[in-house]
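*Asks:* Sequence:
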Amino acid sequence: MSYRSITLAVVLIFSAFFSNAAPRNNFNCGIEPGQPLTNPYGPYDAIKPSDAAKLPIVLRAHFTTDVERLIRGSTGSIMGDIDYTLRAIPNHHRALAAMAKYQRREKVKLQERDKFYTAHCYFNRAIYFSPKDVTARMLYAMHLHLTGGLDASLNQYQQALELAPDYAELNYNFGLLLVDLKQYEEALLVAEKAYSSGYPLPGLKNKLLAVGFKLSE
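Those letters in the sequence shown? Residues 156 to 372, per this note's numbering, in order.
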């Protein structure tokens, strides 16, 4: 390992320690309108090619396979490692999905000022940081759907579809929400769009069949 790599690793360790000590503000999600997000390392954009080289050092240390699978933490707790990842890379899709899944699974309850952000805050920070990241917005819509926020989920899907109307996975997941909202005709149209683009999972098709709506051959 080069001297520069060792120095950077040491900086990351100290920045992780000191930044973890500060409480998270779950009222404003650490967002100051009009001001960029800040972090001792980064923050870097997961979908920006010019930032790609800055991501691996964070992911190797904090977003290991065990962390992503929610088995155990790498440098501390599971939430601590995902929190570090999402402060350095706010719109890292798999880290967002893992944090949301963990908080749902463990029924995590956080105070207005706490050690970590709520899942809603991590998603809001991702969208604020990278407003054109359609996948981050889709993941937030999916989380809202799974936690019963159907109207809020609908709003996020609609905003995402304005950015990427032909995104097959987005249309598929939007269709699942529309079925739960009993908007079957619209769900059928969205399903046609997803499957015509080659989306492979049959879940939406099966849900529509169960309520009497069949996709065209």
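Derived from the structure by calculation, the hints contain no laboratory data.
Warning: the hint list may mix true and false statements.
[Claimed, not checked] In silico SDA-like pairs for lysine to any residue, Cα to Cα no more than 25 Å straight-line:
#	residue 1	residue 2
1	Lys337	Tyr283
2	Lys256	Leu356
3	Lys348	Phe368
4	Lys369	Tyr339
5	Lys264	Leu356
6	Lys262	Gly231
Since we're looking at a predicted model, the values are computed, not measured.
*Asks:* Now tell me if each hint is right for this structure.
*Replies:* Structure-based check of all given hints:
1. Taken as a hint, the lysine 337 and tyrosine 283 pair is broken in the structure, with Cα atoms around 31 Å apart against an allowance of 25 Å.
2. Taking the CA atoms of lysine 256 and leucine 356, the gap is about 20 Å. The hint holds against a cut of 25 Å.
3. Simply put, lysine 348 and phenylalanine 368 have alpha-carbon atoms about 15 Å apart, close enough for the 25 Å limit, and the pair holds.
4. Annotation: proposed proximity of lysine 369 to tyrosine 339 holds, straight-line Cα distance about 10 Å (limit 25 Å).
5. With a C-alpha separation of about 33 Å, the suggested pairing of lysine 264 with leucine 356 is violated against the 25 Å cut-off.
6. For the hint pairing lysine 262 with glycine 231, the CA-to-CA distance comes to about 20 Å; that is within 25 Å, so the pair holds.
Violated hints, in rising order: 1 and 5; the structure is consistent with all others.
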